[in-house]
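Novice: Below, each chain spelled out in residue letters.
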Amino acid sequence: RKEVEQDPGPFNVPEGATVAFNCTYSNSASQSFFWYRQDCRKEPKLLMSVYSSGNEDGRFTAQLNRASQYISLLIRDSKLSDSATYLCVVNSGGYNKLIFGAGTRLAVHP
Amino acid sequence: SAVISQKPSRDICQRGTSLTIQCQVDSQVTMMFWYRQQPGQSLTLIATANQGSEATYESGFVIDKFPISRPNLTFSTLTVSNMSPEDSSIYLCSVVITGTVTYEQYFGPGTRLTVT
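Residue numbers (my numbering), protein chains in the order written: chain A, 1 to 110; chain B, 1 to 116.
In short, the hints are calculated from the structure, not lab data.
For each residue, glycine too, the CB sits at the ideal point set by N, CA and C.
Certain hints may be false.
[Unchecked claim] Partner residues aside, some chain B positions facing chain A, computed with beta carbon under 7 angstroms:
1) S42
2) L43
3) L92
4) Y103
5) E104
6) F107
7) P109
8) G110
[As the list claims (entries may be wrong)] Derived coverage of chain A by chain B (criterion: at least 3 residues anywhere in the stretch with Cβ under 8 angstroms from a Cβ of chain B; other residues may be distant):
9) 42-53
10) 101-110
[Unchecked claim] Just some of the chain A residues that point at chain B, by a computed CB distance under 8 angstroms:
11) S32
12) L80
13) L87
14) K97
Using the sequences and the hints given, assemble the complete structure.
Specialist: Here is the structure:
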């Protein structure tokens, strides 16, 4: 079993749609969780950290369920510029090492 | 945040040769990492570059194949030795910036390596 598993995608949605990505992790000792965005042929960029209480940044909402070892990212009112691969990232519990999911590709069309 | 640059941005190399990739950060950082991203895959950690000591390698990666230097808190190099086509990948340098409650990891633009 992979340490971090994500929806395989791709997700093809129209502009203005709401889309949700899910992610599960296997290491119950993990303490830090993130969503990264990676555009084609670019480096990953931190989108947002995920906190226990859930957090929101504009159109983006991240939630964490420790009991189920589950993380989600919700994007509201999708824009064409949201088209990218979204990477679920988890630290490996007590060690400064990030484990990356395989990513979910999002394509927003007019 | 941190501004990270890598050299070269891309290279095409012949099998059996070696390539050294440089990573420069605009501020002093304690933690630096080297990742590999093979075509169509996610990122895999190669090693943690420790200042003043040997790098710590992940399972499947060895110092003879991927020697790393970390001479100071703003610079590191990764060498891909005795290259084969399987080493064709994007190699990314990364740093961690920590605050009182935050832990954020930033990536360089990557070095796209093709081995023929």
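Novice: Is the interface hint satisfied for B/P109? The criterion is a beta-carbon contact with chain A at less than 7 angstroms.
Specialist: At about 5 angstroms, which falls below the 7 angstroms cut-off, the nearest Cβ of chain A leaves the hint on B/P109 intact, so it holds.
Novice: Does the closest beta carbon of chain B sit nearer than 8 angstroms to the beta carbon of A/S32?
Specialist: 6 angstroms, holds
Novice: Would you check whether A/L80 satisfies its interface hint, that is, whether its CB is within less than 8 angstroms of any CB in chain B?
Specialist: 23 angstroms, violated
Novice: Classify the hint on B/L92 as holds or violated, based on whether any CB of chain A lies nearer than 7 angstroms to its CB.
Specialist: 6 angstroms, holds
Novice: Can B/L43 be said to touch chain A, with a Cβ gap under 7 angstroms?
Specialist: 4 angstroms, holds
Novice: How does the segment 101-110 of chain A fare against chain B when you require at least three residues with a CB closer than 8 angstroms, holds or violated?
Specialist: holds (count 3)
Novice: Against chain A, is B/G110 within 7 angstroms by beta-carbon distance?
Specialist: 5 angstroms, holds
Novice: Are A/L87 and chain B close enough, Cβ to Cβ, to be under 8 angstroms, as the hint says?
Specialist: 6 angstroms, holds
Novice: Holds or violated: A/K97 as interface residue toward chain B, Cβ cutoff 8 angstroms?
Specialist: With a minimum Cβ separation of about 6 angstroms from chain B (threshold 8 angstroms), the hint on A/K97 holds.
Novice: Let's test the interface hint: is any C-beta of chain A closer than 7 angstroms to that of B/E104?
Specialist: 6 angstroms, holds
Novice: Do at least three Cβ atoms from the segment 42-53 of chain A come closer than 8 angstroms to Cβ atoms of chain B?
Specialist: holds (count 6)
Novice: Does the CB of B/F107 sit less than 7 angstroms away from some CB of chain A?
Specialist: 4 angstroms, holds
Hint 12 alone, counting from the list given before, is not met by this structure.
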